[in-house]
Amino acid sequence: MIKKKPETSPRRRPYRQLPHTADLAWRLWGASLPELFENAGRALSATLTDRRYLRRRATREVNLTAIDREALLVDWLNHLLYLFDQDGFLGRDFQVESLTPERLEARVTGESFDPARHPSLTGVKAATFQQLSIVPVKDGW
Amino acid sequence: MIKLRQIDAYRWEIPREGKMRTRGLIFCSKEMLPVLESDQSLQQVANVATLPGIVGPSLAMPDIHWGYGFAIGGVAAFDLEEGIVSPGGVGYDINCGVRLLRTRLSREHVAPLMKTLVDTLFTNIPSGVGSRRQDFKLTGSAFKKVLKDGCRWAVQEGFGEAGDLAHIEAGGAIAGADPEAVSDFALNRGKDQLGTLGSGNHFVEVGYVDEIYDAALAAQLGLFQDQVTAIVHTGSRGLGHQVCEDYIKVMLKASAKYGIELPDRQLCCAPLTSPEGQRYLAAMAGAANFAFANRQLITHWVRESFERVFQMGPRDLGLELVYDVCHNIAKIETHTVEGKSRKLCVHRKGATRAFPPHHPEVPEAYRETGQPVLIPGDMGRYSYVLVGTEKALTETFGSTCHGAGRLMSRHQAKKVARGRSIIQELAAQGIIVRGAGRGTIDEEISEAYKDVSGVVDVVHGAGIAKKVARLKPLGVIKG
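Residue numbers (the working numbering), protein chains in the order written: chain A, 1339 to 1479; chain B, 66 to 544.
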């Protein structure tokens, strides 16, 4: 499971792993909310494999609706996991085309996971609401 | 801070207070307390005690740790009329579980071929992040049969023998599975994952019987000193995760609809009598059966790998199933509560069923011993074989612990492993490890886990399972 906990931090990394005993937690940052969502997608790919080896071979359009932006973020990550389990698709680039608190439209470019070329890192079962909050900080979210 | 009261050397109580409908009962030793108190798991035990229709205490095993809503290592039973069912009480990896196979081989026979065996297993069993089978895709009607019939389907298709079925919890197929209750999303995630190990803590391990605690019980389980064994540990893969996720959404709405007050929204649930509750049970059974079939297919490839490497036939190898247990499941079972026989929905999340001798759900072969209980440890230390007891049946709804439990985060484990070759270190101890990625092997180092012997000593000491034998690893494939 992954959790995200954006907070102010001295260095602006788009995503950063936080310690958690049984699960995985990430602190995500974005200058804007769409960028926060894009960075969440990058963090997920980087958890599963080394994102640099992913080529831009295929594109997936993602349209999701949810009750609020936290639920939308969880759904977004779970949808990316679904694409991965379904046919191995992993995103390298994530582009949020439109985002409201209840609706997300995004385009993901990447390719199918190939164990011969892509290192197998940490498996992720699901994204959850555990300790999830999306909060504004001085220079973004 | 959660209030704890010591009952005896192995039992601690969270007294009933506030909105709790019952007390919490934790099995652990004094030495384990600081670890248990370091996360939210005790609070989670107290939270579960507030749920409607809970029967008996909210239970926790010594390997308890912080989980989604319900702690991992928790057991909770609910009345079928008044009680609830919750996906968080089962977990994301529905019917993650373990099976143990025995052989006729002795440790010294396999030692020279161990590396070949591990390589062959690694080739035959897809493992790691995103593992899938190219040769084996489930479609329409076959997929539905897997969800309905679990291991029965696998055996009909030639993956294993009819005799295997008697040595699996619930006969390898939980009744009441309805493929229609499983979403297309879940089916799509699982369609080419049947027969794959996945990643994380899942593994196939070849080991040997290192120590016997009860010679008579070990003999009845077909175990002898230095005997080669194999353990398969995996679950329902993406299909189960998606079923959990789908029904958490359903249950968030259902909790509000039925006016169930929740101290934590992750405990979302529905009454067992409601359509939502029934549908979750039907979907969960489907995912559980997928997991049973998954372990059965992997077992088939374990057998094939042994036959090829040792150039021996099935009869001489004697690769027979000792038992297969679920670690994450909700089951409808009959228990005696205050002298009355009642049907209950028992949630076991990171806990193992441990039924005593002569229980009707224990197979013929184990009528006199009690149901075998398999407790895997970490890849560098050991695993345990135990049997269920009468005390477990009366005190914990026939449940016991399930494993070691993590001590370090994956992040921390990787830091500790940095600059070391874990593969070489294990090889120096006589354990050959192959993993799909270095990452998983580093994350799964021994130090990252509690010593499983401490956990097993507590359940043995408390009498909720009985130690039979200890197994040590020789070769491991990790996801």
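Hints were generated in silico from the structure; no laboratory data involved.
Glycine included, every Cβ here is placed at the ideal spot set by N, Cα and C.
Be careful, since some hints might not be right.
[Stated by the list, open to error] Using 16 Å as the maximum straight-line C-alpha spacing, the simulated EDC-like pairs for lysine to aspartate or glutamate come out as follows: (1) B:479 - A:1440; (2) B:318 - A:1425; (3) B:256 - A:1361; (4) B:314 - B:291.
[What the hints assert, rightly or not] Covered stretches of chain B, going by a simulated chain A footprint (3 or more residues, C-beta under 8 Å): (5) 192-200; (6) 260-268; (7) 503-516.
[To be verified] To be clear about the criterion: a stretch of chain B counts as covered by chain A if any three or more of its residues have a C-beta under 8 Å from a C-beta of chain A, and this derived list gives those stretches: (8) 297-310; (9) 384-396; (10) 410-423; (11) 453-465.
Q: Please count how many residues of the region 503-516 of chain B have a CB within 8 Å of a CB from chain A and say whether that reaches 3.
A: Since 4 is at least three, the answer is holds.
**Q.** Coverage criterion applied to the region 410-423 of chain B (partner chain A; beta-carbon cut 8 Å; 3 residues)
**A.** violated (count 0)
Q: With a C-beta cutoff of 8 Å, work out whether three or more residues of the region 192-200 of chain B approach chain A closely enough for the coverage to hold.
A: holds (count 5)
Q) Do three or more residues from the region 297-310 of chain B put their C-beta atoms closer than 8 Å to C-beta atoms of chain A? A) Result for this restraint: holds, n = 6.
Q. Taking 8 Å as the C-beta cutoff, is the stated coverage of the region 260-268 of chain B by chain A satisfied by three or more residues?
A. holds (count 3)
Q) Okay, the region 384-396 of chain B and chain A, do three or more residues pass the C-beta test at under 8 Å? A) Contact hint for the region 384-396 of chain B vs chain A: violated, 0 residues under 8 Å.
(Q) Please verify whether residue 479 (chain B) and residue 1440 (chain A) have alpha carbons no more than 16 Å apart. (A) Outside the cut-off at roughly 37 Å; violated.
Q.
Hint check: residue 256 (chain B) vs residue 1361 (chain A), CA-CA at most 16 Å. Holds or violated?
A. violated, 26 Å
Q: Would you check chain A against the region 453-465 of chain B, counting CB to CB pairs closer than 8 Å, and say if three or more residues qualify?
A: With 0 residues in contact (Cβ-Cβ under 8 Å with chain A), the coverage given for the region 453-465 of chain B is violated.
Q | Hint consistency between residue 318 (chain B) and residue 1425 (chain A) [alpha-carbon to alpha-carbon, up to 16 Å] | A | Given pair residue 318 (chain B), residue 1425 (chain A) is violated - Cα atoms ~31 Å apart, limit 16 Å.
Q.
Please verify whether residue 314 (chain B) and residue 291 (chain B) have alpha carbons no more than 16 Å apart.
A. violated, 49 Å
In the structure shown, a violation is registered for the earlier hints numbered 1, 2, 3, 4, 9, 10 and 11, in ascending order.
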